[in-house]
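There are 2 protein chains.
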Amino acid sequence: MKSASTLDFLTEALRCLPGIGPKSAQRMAYHLMQHDRDGAAMLGRALTQAVETVHHCASCNTFTENAQCDTCMDDSRDATLLCVVETPADQLMIEQTMTYKGLYFVLMGRLSPLDGIGPKDLHLERLIQRATDGVVTEVVLATNFTNEGEATAHYISETLKSRSVQVSRLARGVPVGGELEYVDAGTIARAMLDRRAT
Amino acid sequence: MKSASTLDFLTEALRCLPGIGPKSAQRMAYHLMQHDRDGAAMLGRALTQAVETVHHCASCNTFTENAQCDTCMDDSRDATLLCVVETPADQLMIEQTMTYKGLYFVLMGRLSPLDGIGPKDLHLERLIQRATDGVVTEVVLATNFTNEGEATAHYISETLKSRSVQVSRLARGVPVGGELEYVDAGTIARAMLDRRAT
Numbered sequence: 001m002k003s004a005s006t007l008d009f010l011t012e013a014l015r016c017l018p019g020i021g022p023k024s025a026q027r028m029a030y031h032l033m034q035h036d037r038d039g040a041a042m043l044g045r046a047l048t049q050a051v052e053t054v055h056h057c058a059s060c061n062t063f064t065e066n067a068q069c070d071t072c073m074d075d076s077r078d079a080t081l082l083c084v085v086e087t088p089a090d091q092l093m094i095e096q097t098m099t100y101k102g103l104y105f106v107l108m109g110r111l112s113p114l115d116g117i118g119p120k121d122l123h124l125e126r127l128i129q130r131a132t133d134g135v136v137t138e139v140v141l142a143t144n145f146t147n148e149g150e151a152t153a154h155y156i157s158e159t160l161k162s163r164s165v166q167v168s169r170l171a172r173g174v175p176v177g178g179e180l181e182y183v184d185a186g187t188i189a190r191a192m193l194d195r196r197a198t
Numbered sequence: 001m002k003s004a005s006t007l008d009f010l011t012e013a014l015r016c017l018p019g020i021g022p023k024s025a026q027r028m029a030y031h032l033m034q035h036d037r038d039g040a041a042m043l044g045r046a047l048t049q050a051v052e053t054v055h056h057c058a059s060c061n062t063f064t065e066n067a068q069c070d071t072c073m074d075d076s077r078d079a080t081l082l083c084v085v086e087t088p089a090d091q092l093m094i095e096q097t098m099t100y101k102g103l104y105f106v107l108m109g110r111l112s113p114l115d116g117i118g119p120k121d122l123h124l125e126r127l128i129q130r131a132t133d134g135v136v137t138e139v140v141l142a143t144n145f146t147n148e149g150e151a152t153a154h155y156i157s158e159t160l161k162s163r164s165v166q167v168s169r170l171a172r173g174v175p176v177g178g179e180l181e182y183v184d185a186g187t188i189a190r191a192m193l194d195r196r197a198t
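If you read the protein sequences in the order shown, they are chains A and B.
Each step along the first sequence adds one to the number in our numbering, with nothing skipped, and position 52 is 52.
Each step along the second sequence adds one to the number in our numbering, with nothing skipped, and position 23 is 23.
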């Protein structure tokens with residue numbers, strides 16, 4: 001096995017994938033070489049192409065191959081609404097609900113002081129510039145409802161409020177289809193505090 | 001997100017990796033683009049290079065970049081012993097024990113009729129040819145002790161015995177450091193039947 005340097009190189013390279021350790025990487029390398037060489041060749045091309053062509057949208061910071069992404073270029077969208085999400089996957093989930101027709105700003109992360117991720121790493125100055133450009137009238141914070149996501153929302157909210165921008169947050173409460181018996185107390189407490197007149 | 005075709009292509013291509021579904025593939029693609037473009041570029045090169053240069057050893061069927069692998073080319077090894085393993089990873093484990101100095105034959109799989117893997121898919125005719133070449137005096141079966149591994153060992157054993165080749169199997173028994181209380185009954189039964197004079 002000593003001279004299998006190309007295979008060793010592939011195994012080592014596969015470890016750049018999140019959650020893949022040495023054993024999994026080795027299994028993947030053997031699998032590709034034995035059972036899916038076409039797939040391996042295609043993945044090789046896809047990676048090279050993506051590294052060359054994919055960069056960040058100048059407006060919303062999501063991934064795109066053009067200067068601006070499709071969503072930002074879409075004139076039919078409501079430019080007065082700006083929704084802040086952590087990742088492109090979150091944006092995709094919101095798009096699938098068909099309830100939002102505004103534009104987005106994708107943080108590509110969340111504030112996480114323990115991991116050394118501060119406001120600068122999230123390009124928050126670009127978000128603030130965008131939110132205060134005179135076109136945007138409401139910023140909808142749709143970061144996750146985790147501790148870090150909440151902290152990120154709080155930080156952005158405080159920063160924008162001091163600049164007189166209207167800020168909202170996705171509603172918290174009992175999930176649709178949820179049974180109170182199986183919902184955690186924190187969520188029910190939140191739903192009670194945020195109860196709405198019917 | 002519609003026109004992120006390069007990213008979609010990458011996400012789709014990542015699904016050739018074993019155990020990676022659509023959500024994991026998407027997370028991997030975003031992770032690589034956001035946090036590890038160097039890793040992605042290197043993985044792309046490694047895949048392309050591996051697909052081009054890695055093939056099977058003419059003698060033992062393992063992966064190599066040359067006509068024969070290093071182990072088969074090593075004159076210091078005992079060519080009268082031939083150890084049959086399922087995968088290169090199994091071979092590596094045996095090498096690490098430093099208890100075997102013979103050569104190998106790597107099946108790159110196991111007999112599995114349910115998956116449509118028969119003797120032809122494992123190149124067993126090449127193994128039999130090799131085992132009956134007059135140099136090999138003993139074939140050590142080191143397939144896994146799973147049902148499929150045992151069936152593979154049985155099939156090879158029967159085929160070779162009918163050709164008067166001496167065949168052995170790795171010993172089964174209580175693992176080193178094992179406590180009887182926590183070892184399964186089948187293993188203890190086997191250890192009892194295969195007990196050795198001390």
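Be aware that one or more of the hints could be misleading.
Identical copies carry no separate label here, and so any pair may be met within one copy or between two of them.
[Unchecked claim] When the alpha-carbon atoms are kept at most 25 Å apart in a straight line, the in silico SDA-like pairs for lysine to any residue are as follows:
#  : residue 1 : residue 2
1  : 120       : 149
2  : 101       : 193
3  : 101       : 56
4  : 23        : 155
5  : 101       : 8
6  : 23        : 198
7  : 101       : 175
8  : 101       : 130
9  : 101       : 128
10 : 120       : 192
These are calculated hints, taken from the structure and not from any lab test.
All figures in this text were calculated on a predicted structure; none of them were measured in a lab.
Here is what the structure says about each hint:
1. 120 with 149: Classified as within: same-chain Cα gap 16 Å, cross-chain 55 Å, threshold 25 Å.
2. 101 with 193: So residue 101 and residue 193 fail the 25 Å test inside a copy (28 Å) and across (73 Å) alike.
3. 101 with 56: Intra 21 Å, inter 55 Å, cutoff 25 Å: intra-copy only.
4. 23 with 155: neither (41 Å within a copy, 29 Å between copies)
5. 101 with 8: For residue 101 and residue 8, only the inter-copy Cα distance (23 Å) is at most 25 Å; the intra-copy one is 48 Å.
6. 23 with 198: Close neither inside one copy (56 Å) nor across copies (37 Å); limit 25 Å.
7. 101 with 175: For residue 101 and residue 175, the Cα distance is within 25 Å only inside one copy (23 Å; across copies 63 Å).
8. 101 with 130: Cα proximity of residue 101 and residue 130: one copy only (17 Å, versus 69 Å across).
9. 101 with 128: Cα proximity of residue 101 and residue 128: one copy only (20 Å, versus 68 Å across).
10. 120 with 192: neither (36 Å within a copy, 67 Å between copies)
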